[in-house]
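If you're matching them up, the sequences are chains A and B in order. The opening residue of the first sequence carries number 1 in full-length UniProt numbering; numbering runs sequentially from there. The opening residue of the second sequence carries number 1 in full-length UniProt numbering; numbering runs sequentially from there.
Simulated from the structure, these hints should not be mistaken for laboratory data. Model, not experiment: these values are computed from the prediction. Hints may be right or wrong, so weigh each one.
Only some residues are given here: those of chain A computed to face chain B with a beta carbon under 7 angstroms [unchecked claim]:
#1 HIS12
#2 GLN16
#3 LYS64
Facing chain B, according to a computed beta carbon distance under 8 angstroms, are these residues of chain A, among others [said to hold, decoys possible]:
#4 TYR255
#5 ASP256
#6 SER263
Beta carbons are placed, not taken as given, at the ideal position from N, Cα and C, and that holds for glycine.
2 protein chains.
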Amino acid sequence: MTLEKLSESLCHGGSQQVWRHQSSATGTPMTFAVFRPEHRTTEKLPVLWWLSGLTCTHENAMIKCEYKAACAEHGIVFICPDTSPRGEDVPDDEAYDFGKGAGFYVNATQEPWARNFQMRTYIEDELPQVVAGAFDVDMDRQGISGHSMGGHGALTVSLRNPGRFRSTSAFAPIVSPLNCPWGDKALTGYLGDNRDTWRQYDSVALIEDGARLPEVLIDQGRADEWLEPQLKTHLFADACRRAGMEPTIRMQEGYDHSYFFVSTFIADHVAWHAERLKA
Amino acid sequence: MTLEKLSESLCHGGSQQVWRHQSSATGTPMTFAVFRPEHRTTEKLPVLWWLSGLTCTHENAMIKCEYKAACAEHGIVFICPDTSPRGEDVPDDEAYDFGKGAGFYVNATQEPWARNFQMRTYIEDELPQVVAGAFDVDMDRQGISGHSMGGHGALTVSLRNPGRFRSTSAFAPIVSPLNCPWGDKALTGYLGDNRDTWRQYDSVALIEDGARLPEVLIDQGRADEWLEPQLKTHLFADACRRAGMEPTIRMQEGYDHSYFFVSTFIADHVAWHAERLKA
Numbered sequence: 001m002t003l004e005k006l007s008e009s010l011c012h013g014g015s016q017q018v019w020r021h022q023s024s025a026t027g028t029p030m031t032f033a034v035f036r037p038e039h040r041t042t043e044k045l046p047v048l049w050w051l052s053g054l055t056c057t058h059e060n061a062m063i064k065c066e067y068k069a070a071c072a073e074h075g076i077v078f079i080c081p082d083t084s085p086r087g088e089d090v091p092d093d094e095a096y097d098f099g100k101g102a103g104f105y106v107n108a109t110q111e112p113w114a115r116n117f118q119m120r121t122y123i124e125d126e127l128p129q130v131v132a133g134a135f136d137v138d139m140d141r142q143g144i145s146g147h148s149m150g151g152h153g154a155l156t157v158s159l160r161n162p163g164r165f166r167s168t169s170a171f172a173p174i175v176s177p178l179n180c181p182w183g184d185k186a187l188t189g190y191l192g193d194n195r196d197t198w199r200q201y202d203s204v205a206l207i208e209d210g211a212r213l214p215e216v217l218i219d220q221g222r223a224d225e226w227l228e229p230q231l232k233t234h235l236f237a238d239a240c241r242r243a244g245m246e247p248t249i250r251m252q253e254g255y256d257h258s259y260f261f262v263s264t265f266i267a268d269h270v271a272w273h274a275e276r277l278k279a
Numbered sequence: 001m002t003l004e005k006l007s008e009s010l011c012h013g014g015s016q017q018v019w020r021h022q023s024s025a026t027g028t029p030m031t032f033a034v035f036r037p038e039h040r041t042t043e044k045l046p047v048l049w050w051l052s053g054l055t056c057t058h059e060n061a062m063i064k065c066e067y068k069a070a071c072a073e074h075g076i077v078f079i080c081p082d083t084s085p086r087g088e089d090v091p092d093d094e095a096y097d098f099g100k101g102a103g104f105y106v107n108a109t110q111e112p113w114a115r116n117f118q119m120r121t122y123i124e125d126e127l128p129q130v131v132a133g134a135f136d137v138d139m140d141r142q143g144i145s146g147h148s149m150g151g152h153g154a155l156t157v158s159l160r161n162p163g164r165f166r167s168t169s170a171f172a173p174i175v176s177p178l179n180c181p182w183g184d185k186a187l188t189g190y191l192g193d194n195r196d197t198w199r200q201y202d203s204v205a206l207i208e209d210g211a212r213l214p215e216v217l218i219d220q221g222r223a224d225e226w227l228e229p230q231l232k233t234h235l236f237a238d239a240c241r242r243a244g245m246e247p248t249i250r251m252q253e254g255y256d257h258s259y260f261f262v263s264t265f266i267a268d269h270v271a272w273h274a275e276r277l278k279a
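Looking at chain A on its own, in the form it has when it is part of the complex:
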């Protein structure tokens, strides 16, 4: 496996890097960003995965999310994968919410998507192996977070892999693709009409089907235009209550869906993850 460094810049005392590698899961080159705090070379650092939202590449969070100072302070490696396969040979859709930039962290089963859109395998299996092999990381201390479609990704990846992540958080997550237009469109396209197959990609359904997380931190802006039509935080809160889970859901007055919201609270989240990753 060849891993190619595309760029690196010193930032907040650590190194913000961009890497590319050939993915066997997607059959394409995949690019990801990684922030590596300064550390002793004998030291293995905890890892915080960041899954991004619709339209994003590896770059959006890297330049907008303001995680670097906090990750430098707490000594946490922060990884931003891309949100879909890329390239001229990869099928696409002209809409912003399907195809490239909108992989929804699923393994597609429908044509023409099945060949490349294997983002679940990429995020759950392949990229962790790449990261573990290339960087000074302690894979026994992983956390996961994300924004919007990436919040959906963080919750569902963590719910499906009990014990892998010591900490799980999300910003403005799509909590139930089964119950919103974004999810309906994307999962119909990638997975087909049998909605039973969608449940593994729906945090509410996963909890209904028995998955549990010991704790979850969610920030959600009350002025988020997508809160009512798409995100529906209350569905997650309800499912947790019925399951006896007690997530921390903070409804943030006045905040919208943008990275201006995420960047406001990311240092809080990094500190929250750090407490659990470094305990």
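Starting from the structure of chain A, add chain B where the hints point.
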């Protein structure tokens, strides 16, 4: 004068806004970003001007610079103007370092640039009037900073307007357009071959010609690829020494020219400005 709000988002407890207005200086609509910390409506806040570098619009610093938390903490309004006039009727050059995105904060005298490229008047006269009229700002407490071409802008605007700014800083500034290829190309194009007319736009020449600043803070990355061929920080240091000025010039080991560098030290600069603006 009509001022139109294009967007606003709550961020770090303040409001990150984008505004557009018709500029009489440039003859075009001009767009700027402003971060307005939460404050009592009876309170007028100090202002920190941020002049951006080559290729930037009002947006680059707004999303990359990480100034918002610090400005919210210190109660400082942070303004990011555009770097040139824009629009289909505005002349341009295909190069990144001349024409749109590269106004160099001068009043052009050469055709076809003279009609629109009046960025000195825009930044020194027009935009301050717009800002003073529209926002809760205390124009007796202004600071100025900027990056690269915008560092050149900050230094020269402040040197030409003694007493207007209580604080002046810069990141990786072009200190002497008279002595670097970027400056040579741009000022020849905008001002013509008589290099005497360039001196008002050259921080080193302004100091040689008698301008003074009580203090200046400069951060410059040692790994900046433009340090030797274009930025030439030592020319500014030498001019200051000959003039009896004592700037604080911090050569930052390992840092490059990007916003990863700027974002690392911007909170330092905001705090430094705040000390002077709130004294």
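Self-check item: Cut-off 8 angstroms, beta-carbon criterion: hint that SER263/A touches chain B
Solution: At 7 angstroms from the nearest chain B Cβ, SER263/A passes the 8 angstroms test, so the hint holds.
Report holds or violated for the interface hint on LYS64/A, using the least CB-CB distance to chain B and a cut-off of 7 angstroms. holds (5 angstroms)
- Hold the hint about TYR255/A up to the distance rule: shortest CB distance to chain B must be less than 8 angstroms. holds (5 angstroms)
| said: Let's test the interface hint: is any C-beta of chain B closer than 8 angstroms to that of ASP256/A? | reply: holds (5 angstroms)
Subject >> Supplied contact hint for GLN16/A, tested at 7 angstroms Cβ to chain B >> reply: With Cβ-Cβ at 5 angstroms, under 7 angstroms, it holds.
**Item:** Hint check: 7 angstroms Cβ-Cβ cutoff, HIS12/A to chain B
**Value:** Holds, because the Cβ-Cβ distance from HIS12/A to chain B comes to roughly 5 angstroms (cut-off 7 angstroms).
Comparing the model with each earlier hint shows no violations; every hint is respected.
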